[in-house]
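Residues per chain are reported as follows:
2 protein chains.
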Amino acid sequence: MEKESIGIGLMGLGIVGGQVAKVLLEKADILAEQAGCPLVLRKIKVLPADLDRPLAREIPAELFTTDTDEFFAEPGIDIMVEAIGGENPALEYLKRAISGGQHVVTPNKEVIAKHGAELHVLARKQGVGLRYEGSVGGGIPLIAPFKYDLVANKINGIYAIINGTTNYILTRMAREGIDFPSALKSAQELGYAEANPENDIEGIDAHYKLAILASLAFQADVRPGDIYHEGISRLDSRDFRYARELGFAIKLLAIAKLVNNSIEVRVHSAFVPEDSLLAKVDGVYNAILVEGDLVGKVLFFGEGAGALATSSAVTADVVSSAQDILHGVSDRAVRKSESARSIKPMAEIETQYYLRMNVADQSGVLAQISRVLGDNRISISAVIQKETDSAAQTAEIVITTHPAQEKAMQQALGELARLGVVKEINNFIRVES
Amino acid sequence: MEKESIGIGLMGLGIVGGQVAKVLLEKADILAEQAGCPLVLRKIKVLPADLDRPLAREIPAELFTTDTDEFFAEPGIDIMVEAIGGENPALEYLKRAISGGQHVVTPNKEVIAKHGAELHVLARKQGVGLRYEGSVGGGIPLIAPFKYDLVANKINGIYAIINGTTNYILTRMAREGIDFPSALKSAQELGYAEANPENDIEGIDAHYKLAILASLAFQADVRPGDIYHEGISRLDSRDFRYARELGFAIKLLAIAKLVNNSIEVRVHSAFVPEDSLLAKVDGVYNAILVEGDLVGKVLFFGEGAGALATSSAVTADVVSSAQDILHGVSDRAVRKSESARSIKPMAEIETQYYLRMNVADQSGVLAQISRVLGDNRISISAVIQKETDSAAQTAEIVITTHPAQEKAMQQALGELARLGVVKEINNFIRVES
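For the record, the sequence lines run as chains Y and D.
So the first sequence is numbered by our numbering: it starts at 1 and just counts up by one.
So the second sequence is numbered by our numbering: it starts at 1 and just counts up by one.
Hint data in this document are derived by calculation from the structure and do not stem from the laboratory.
Among these hints, one or two may not hold up.
No copy labels: a pair is met if it fits in one copy or bridges any two.
When the alpha-carbon atoms are kept at most 25 angstroms apart in a straight line, the in silico DSS-like pairs for lysine-lysine are as follows [unchecked claim]: (1) Lys-27 - Lys-154; (2) Lys-297 - Lys-27; (3) Lys-297 - Lys-147; (4) Lys-147 - Lys-22; (5) Lys-407 - Lys-257; (6) Lys-154 - Lys-22; (7) Lys-297 - Lys-22; (8) Lys-95 - Lys-257; (9) Lys-386 - Lys-257; (10) Lys-297 - Lys-154; (11) Lys-95 - Lys-407; (12) Lys-423 - Lys-407; (13) Lys-297 - Lys-280; (14) Lys-280 - Lys-147; (15) Lys-27 - Lys-257; (16) Lys-3 - Lys-125; (17) Lys-185 - Lys-125; (18) Lys-22 - Lys-185; (19) Lys-95 - Lys-147; (20) Lys-95 - Lys-114; (21) Lys-386 - Lys-125; (22) Lys-185 - Lys-280.
Just so it is clear, the structure is predicted and the values come from calculations on it, not from any experiment.
Please construct the entire structure, taking both the sequences and the accompanying hints into account.
In structure tokens form, the structure reads like this:
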């Protein structure tokens, strides 16, 4: 299609939206060359408060509107970039843009995780592209590899550190031996964690991202509701100490595996071998390890969030959308047909476990614990008696197991808690090696 | 374009070509779904010896030809996959296919490094695609990120471990303290190094790959001849010991940087900080660290070679070419215009240095050495006197420097060698931190 320029409409001028606007304006020459014609920012839907930001003064005032209908009435918008975030009204705006024949680009993980399948159907029907490279892993190319580079592979597994906030907190806990509340507080003071940190520390953000990756990797419709998720708030500095003694680091892992053609998806803290690359991913960085039948192991690493990195992904999506428009291609980026793979219930997954317990400091305790585990067909890999509290007459013991089924482990945990000699089960962490 | 199928012609049935044929035949269903129509292997150009391989019996005999003209006369070949390797006749075949209107896919680093610019011009003229994802880093997506995902970035630097053979040798030397000849011999016995290992151990393979990456990253025509390259054969087990003491690993690095709009490209062994991700890349694995102005640091890691991993990249390129053909898109994958950036002469690069020397064990030696370095405006970062040989009355000293210009360092090395007290300059390694 011969076009003199491609029109861009941007919804949202927050941290990410503002940076996207800056890139589109400041790098117009480079982007035009890459896309094949100028990309012209035609309208920006803002909130009144956005207009007070210093950035707003760098952008021609006539581009702004606070009115959604006015935004959608603007002629000549070929590509709509949604940078509002959250589920609503972003979902409504994306649908409205697609229904109006606009290609859409969004870094919104929540909308894509929850409504990606529906949006893909709509985009396909309308013959437009739906792109969301920025929704997972900031600027790290992650969506594109699944859609293009790894298409010949059967993907067997994904092991990902995809939440920078929790990885920052875990890194501080591991390095400094501090407890969770202190590490969280420090992360909040530094702006790495929000005032209400639940979304990050409870694994919610990570499970949205995993839904997106798993859907792509297995060509299935994996919804957030399908994904077991736990956060990191139960972790204690003692767990980090014992992990290190046993040769592990502790990470919040997002795991997706194909086991007997059924999909296993879960987000939780996990022991990972200290000499693995994932164990070396520190601070706010993200890393995603993918295992394919041809490619073997590939790992993608980088800044998982931040306005600059995310703007790299969003702008690349805009350029690809523009190329599609110029080439008259409509559905290159729209998901293909979906497989009918089932999601494995959490109770049926199999992994190894680390257990930390406070027990009565008396003989025969280990025999009782071993019997409970043995009765549930869980075999012990290592037992370490740690500190003894002679005043309380208790001892701390740490047990790691060979692979066992989650159901059996949960049953055993219930039985252990009812043993008179077990004072407290302090923690229970899955071991992925 | 409505097509019932896309025809593939394959040249070469060696290790990589054989694996590509297997994937095209065994994964035909998946690939058809991804591409949008069946991909049909129509002809395979083989050598007579290939027909004796067990694989050949799994492939319908009528697909084979040993005659190049017969191969090119075969009707219905839309995409030609070149898996012959080496410069000639691969170059000639690629030109012939492109001139005949076939899209081409090749994992041939030598041809692309030496003749990529010419082939791109020809492909653009013919309106066909030229793809070579498998030429660098096996199945790791590396070419695609530069062409699509990072297009909004100004790439400032690439730091890459892109030769698995040398990385395997260096890993063995670091872990076991063995010397270069033993590590090489072991790598040869295990099939990780060839009988004539020059291409790998002298940095030739790596400099081809760097030419390809640098050309993409900087949108320039960087030729192998532009790239300074050294191998790893001068490394001694003592260097590994001292590196570790100083907090470094030794890697064969391929470096491409943009410095004041001029391109710096070099391949040589280097000290890299032990806590960096590149230092953790062991064995035959590859890793490529890219620094962009928006994306920050991103790293791609995986198996850098091997038939399976390379077939992942080649097949993905075939699928993308097929999509282009079906969509009637001709030049999406063809390089855009090139910048006129100059290549920085090696003498002008600036980095830090490690020096290991054998000197006379007498007072005033260090003063003489310091004076030579100081006269060349090289400032010392650390000096360590290592072992003393009382019989020979010599001592080994290790010096690391602050950033200095290569020209100055080479001048200083010459002057040091002429000092009476310097018995031998044992090694000289660049430090990249």
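As a check of your reading, is Lys-95 near Lys-407 (CA-CA no more than 25 angstroms) within one copy, between copies, both or neither? neither (41 angstroms within a copy, 61 angstroms between copies)
Please sort Lys-386 with Lys-257 into within, between, both or neither, judging by C-alpha distance up to 25 angstroms. Intra 34 angstroms, inter 51 angstroms, cutoff 25 angstroms: neither.
Between copies, within a copy, both or neither: which fits Lys-27 and Lys-154 at Cα up to 25 angstroms? between (38 angstroms within a copy, 10 angstroms between copies)
Quick one: Lys-297 to Lys-280, C-alpha cut-off 25 angstroms, is that within a copy, between copies, both, or neither? both (16 angstroms within a copy, 15 angstroms between copies)
Within a copy, between copies, both or neither: where do Lys-386 and Lys-125 come within 25 angstroms Cα-Cα? neither (62 angstroms within a copy, 72 angstroms between copies)
Within, between, both or neither: Lys-95, Lys-114 at alpha-carbon 25 angstroms: For Lys-95 and Lys-114, only the intra-copy Cα distance (14 angstroms) is at most 25 angstroms; the inter-copy one is 48 angstroms.
Could you place Lys-297 and Lys-147 in one of the four classes (within, between, both, neither) given a Cα distance threshold of 25 angstroms? Close inside one copy (17 angstroms) and across copies (22 angstroms); limit 25 angstroms.
Between the shortest in-copy and the shortest cross-copy C-alpha distance, which are at most 25 angstroms for Lys-423 and Lys-407: within, between, both, or neither? Classified as within: same-chain Cα gap 22 angstroms, cross-chain 70 angstroms, threshold 25 angstroms.
Treating 25 angstroms as the Cα threshold, decide for Lys-154 and Lys-22: within, between, both or neither. between (39 angstroms within a copy, 15 angstroms between copies)
Is it within a copy, between copies, both, or neither that the alpha carbon of Lys-27 lies no farther than 25 angstroms from that of Lys-257? between (40 angstroms within a copy, 20 angstroms between copies)
Since the copies are identical, ignore which copy is meant and state whether Lys-297 and Lys-27 lie within 25 angstroms (CA to CA) inside a copy, between copies, both or neither. This pair counts as between: shortest inter-copy Cα distance 20 angstroms, intra-copy 35 angstroms.
If the cutoff is 25 angstroms on CA atoms, where do Lys-280 and Lys-147 land: within, between, both or neither? Let me know, please. Result: close neither inside a copy nor across copies, 27 angstroms intra and 29 angstroms inter.
Against the hints set out earlier in the document, violations occur for numbers 8, 9, 11, 14, 17, 18 and 21.
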